[in-house]
Every structure is written in C-alpha cells, then in structure tokens.
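*Asks:* Each chain is listed here by its residues.
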Amino acid sequence: MNRTALLIRLSPWLFTIGLFVVWEAAVHIFKIPVFFLPPPSAIAQAFVDYSGPLARNSWITLQTTLIGFALAVGFGMLLGLLVGWSRAIYAGLYPLMIGFNAIPKVALVPILVLWFGIGFVPAVLTAFLISFFPIVVNVATGLATIEPELEDVLKALGASKLDIMRKVGIPRTLPYFFGSLKVAITLAFVGSVISESVASNYGIGNLMLQAQAQFQVPLIFAGLVVLAIEGIVMYAAMAILEKRMTGWAQRSGFAQA
Amino acid sequence: MKLAPGLEFPRAGTVTVAGEKVTKPVKIAGMAFQAPTLLPWRTTLENLLLPLEIVEPYRSQMRSRKVEFAARARNLLTSVGLRDQGEKFPWELSGGMQQRTSLCRALIHEPQLLMLDEPFGALDAFTREELWCVIRDLQAASKITVILVTHDLREAVFLADRVFVMSQRPGRIVVERKIDLPRPRDLEVTFTSEFTDIVHELRSHIVKARQ
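Chain order of the listed sequences is A and B.
Quick note on the numbering used here: the first sequence kicks off at 1 and runs consecutively.
Quick note on the numbering used here: the second sequence kicks off at 1 and runs consecutively.
Hints are computed from structural coordinates only; laboratory data are not their basis.
In this text, all values refer to a predicted model and were calculated from it rather than measured experimentally.
Think of the CB as a built atom: it goes at the ideal place given N, C-alpha and C, for glycine as much as any other residue.
Please note that the accuracy of each hint is not assured.
Claimed, not checked - A few chain B positions that, by computed beta-carbon distances, are all more than 12 angstroms from chain A:
| no. | residue |
| --- | --- |
| 1 | 21 |
| 2 | 43 |
| 3 | 71 |
| 4 | 83 |
| 5 | 105 |
| 6 | 109 |
| 7 | 140 |
| 8 | 146 |
| 9 | 174 |
| 10 | 179 |
| 11 | 194 |
| 12 | 201 |
| 13 | 202 |
Claimed, not checked - Here are the simulated lysine-lysine pairs, BS3-like style, with alpha carbons at most 27 angstroms apart:
| no. | chain 1 | residue 1 | chain 2 | residue 2 |
| --- | --- | --- | --- | --- |
| 14 | A | 161 | B | 27 |
| 15 | A | 243 | B | 27 |
| 16 | A | 243 | A | 182 |
| 17 | B | 66 | B | 88 |
| 18 | A | 161 | B | 178 |
Claimed, not checked - What follows is a list of derived Cβ distance ranges for each label pair:
| no. | chain 1 | residue 1 | chain 2 | residue 2 | range |
| --- | --- | --- | --- | --- | --- |
| 19 | B | 206 | A | 74 | 56 to 66 angstroms |
| 20 | A | 5 | B | 24 | 55 to 65 angstroms |
| 21 | B | 24 | A | 97 | 26 to 36 angstroms |
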C-alpha cells in the first residue's frame, strides 16, 4: 500500500480522534461546565459507570430499529413494485404517499400509543413508518427507468409483463433499492428513538430522557454516542450488502477517484 | 419496426406475418437496435440465454437442456468472432463486440423474422462492414427474413434483396428497388460500378423525397 492509500485508510480514524481531542481541549480551555457540555473523558466515564443500562437499552433500540426496518424493506419493496407496475397506481398513490411522508412522524406516536399502548410496538411502527418511503420511491424509480428498447426486445419474444418484471425490472431496481437501504436504516433509528423518548420505558431514547431528568449530562451524551455507533455500523452493513449484491452497477471509477 | 413484430397495431390496413394477421406480438421475431441494450448484471453468455428463458418451447426446457443451450450460445458467439468472451460482462466488451452480442441475442431462439433497427449505426466503418458480412452469412445459413432499417445506402444495397425508400413524416414508401446483385456477395462488390449505380439511383429518390 502506498502512502496516499494508507492515509485514506486512516483518515476516518484520524478525523474522529481529532474531533474528540479538539472537543476535550475546548471544554478545558473555555472552562465549560460539565452539565452544559461534558468533555469526551466524562462521557467515557459515563460509559464505564453505566455500562449495564447502556448495553441493555442499546440492544433494545437496535432490535426495535431492525424489526421496523425489516418491515419497511418488505413493505417498501412490495409497494415500490406495485407503484412501478402501473401508471394508474403510480398516479393514484403518489400524492397520498408524499402527503403521508410530509407528516412529522413524532406526531403519529400518540396515535400509535392510543392503539397499541406504550413500549415496543409503537417504537417499531415509528421506525417502520419513517423509513419505508425512500425504499418505495427508489424501487419505483428503478422500474420506471427501464429502457423501452429492452422492453420491445422482450415483448417481441412474447414476454408477459411479469416476465419483464422478473428478468429486467427487479434486477435493474436492485442498485436503487440497496442505495435506499442506507438512507432507510438511519431514518429507522430516528423513528425508534423518537418513539422511545416519547412513549416507552425502554431503549436509548428513554434512557436519555431519564438521564436528562436526573441532570446526568454525560450519560445523555453517552446515549448519543451509542446511537451514532449503531448508526454507523448498520450503515456500513448496508453499504457492504449493496456492494456485494450489485457490484455490476458500481464499476465507475468516479466515486473511487 | 413496431408493426411487423406486433408491438403496435395499424390504425388502418393489416399486417401479415407468415401468412397470419398480426394481432399480438408474433413470438417468432428477434430484434436488435442501434444501442445493444444488454443487461449489465448478466454475463455475455447469460444475456444470450435471455430469449430462451422466455420463448417456448425452450422456456420449459431451460433446466433440463441448460448445458445444450449454453453450448448453442457459445457456438453463436464463435460464429460472430466472440469465441471465449461469454464469461465477460457486456461492459467489459467494446462497442462492436456488444453489438455482435446483441445480434446473437436476437438470433439465439432461431427466429423466423429478424428486425434490425440501424444496428450498425454507432460503429466505425470497418467494424460495420465486418458485421455486414456476419449478417450476410447468418442469413445465408438460416434463410430467415430480415427487415433492416438503415440510413446507410451502401449497407442497404449490399445486404438486401429488396430496398424500400421511405419519406420522412409521414413515412411513406416512395419506391421499391429489387437488388439483383448475385449472391454470395463479397465486400468487393461495393466497389463495382453496378453497385454504385444502384446507390446513386436510391440516393436520387431520397433527395427528391426530402424536398
């Protein structure tokens, strides 16, 4: 590996460490009180002191998020295929979906609580509701952009619409689909944490709310760090999945340059 | 291009293919266009097999005769000078090679009717002439009907038995010209005065139609 390549490999770590170093230094230099902005060292201490609750609640949040995300993937893929299947369905559903997507999901949590009580279910559903939209849009876009010539080639062979969907539509949609998963998984975390902090007794969202009530500011930040780490890990997992499943679509040197 | 294979239907009159009025896609057609339209997630060989996955009787035999079909695809690739290129992806091939693959895909299910819409338009002059010969030989071997749409008069005269000159918008047939040049035709024929005379004649029809 030459020096530039090594530098590129190391730079994410250097930038992250750099951020924490500057943060720590700034807190000490400007004498910022811990209850206002805790230094990274205090956050690290909170990690040690509250490792049990942090681990337990982050596991719950991760599960909630992943279940909601899985629902969003299944439902989003199906709805996307449906919307891409026919112009009439597309025209009919699109305004509804845009309207639905414009509603802040935090406003739906009280309704979900009304229906399902507080706790696990509303959090899963919030994660689901907030993350399915980008999947639908991307799958539908993939289908809408099939080359008409290719469609003609297949139709001239007597291919049914389902044939065209299976042989061309769905494979062609996969790069869009896997791209959308990266957006959707981060949104799913937003959804589950919103719901946890409004209406649950578990999860990182709830933990942070309690920490705030008890003025344990380093613990609030520890919760944020946990969420950031979970978000990064899941995003990376989606990116790897994308690369493995749709390597044929990622052959441009553009993004690597 | 769309009427003959039954992708669209005429507002007036009828289209007859193989003695039957066309009311739905004809299923005996193969098509190739100016753009190769290969599927980037399939290898060249898998791209060739696509029509067999759709057209009966091959479709239901896909599993049991897969090896035989793959061998047929490889033979076809060899016949257009793409021996051992089957495992490559289309985007690893040059434009001319992709166009050859596209022709093979149009031929793999042994269609009775081959529709070509300017298939050599995007290629350089030498590759184009090479592919003329490929089409000429494939047609001579299988005796299928080929409908070729082209703007290249030399291409039309070299390949065709009959040339129809069409006007632009509305597209009407201006003239039909039989080409009596003896077959098999060699590329050398394109340099004879007989050949150039026909090209000239067709050109004058087009010049008139454009006025």
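*Asks:* Given the hint that residue 243 (chain A) pairs with residue 182 (chain A), does the C-alpha gap stay at or below 27 angstroms?
*Replies:* 12 angstroms, holds
*Asks:* Compare the distance between the alpha carbons of residue 161 (chain A) and residue 27 (chain B) with 27 angstroms, and conclude whether the hinted pair is satisfied.
*Replies:* 15 angstroms, holds
*Asks:* Far enough from chain A: is every CB of that chain over 12 angstroms from the CB of residue 71 (chain B)?
*Replies:* 21 angstroms, holds
*Asks:* Between the alpha carbons of residue 161 (chain A) and residue 178 (chain B), is the straight-line distance 27 angstroms or under?
*Replies:* Roughly 40 angstroms between the alpha carbons, so the hint for residue 161 (chain A) and residue 178 (chain B) is violated.
*Asks:* 55 to 65 angstroms was suggested as the range; check whether the CB atoms of residue 5 (chain A) and residue 24 (chain B) agree with it.
*Replies:* 58 angstroms, holds
*Asks:* Evaluate the condition: distance from the CB of residue 83 (chain B) to the nearest CB of chain A exceeds 12 angstroms.
*Replies:* 23 angstroms, holds
*Asks:* Beyond 12 angstroms from every Cβ of chain A: is that where the Cβ of residue 21 (chain B) lies?
*Replies:* 17 angstroms, holds
*Asks:* Can we trust that residue 179 (chain B) is non-interface, i.e. its beta-carbon lies farther than 12 angstroms from all of chain A?
*Replies:* 26 angstroms, holds
*Asks:* Tell me if the straight-line CA distance from residue 243 (chain A) to residue 27 (chain B) falls inside 27 angstroms.
*Replies:* 37 angstroms, violated
*Asks:* If we take the beta carbon of residue 146 (chain B), is the closest beta carbon in chain A still more than 12 angstroms away?
*Replies:* With a cut-off of 12 angstroms, residue 146 (chain B) remains clear of chain A, as the shortest Cβ separation is near 14 angstroms.
*Asks:* Does residue 201 (chain B) really sit off the interface, with its C-beta more than 12 angstroms from all C-beta atoms of chain A?
*Replies:* 32 angstroms, holds
*Asks:* Looking at residue 202 (chain B) again, its CB stays over 12 angstroms from all of chain A?
*Replies:* Check passes; 27 angstroms lies beyond 12 angstroms.
Against the hints set out earlier in the document, violations occur for numbers 2, 5, 6, 15, 18.
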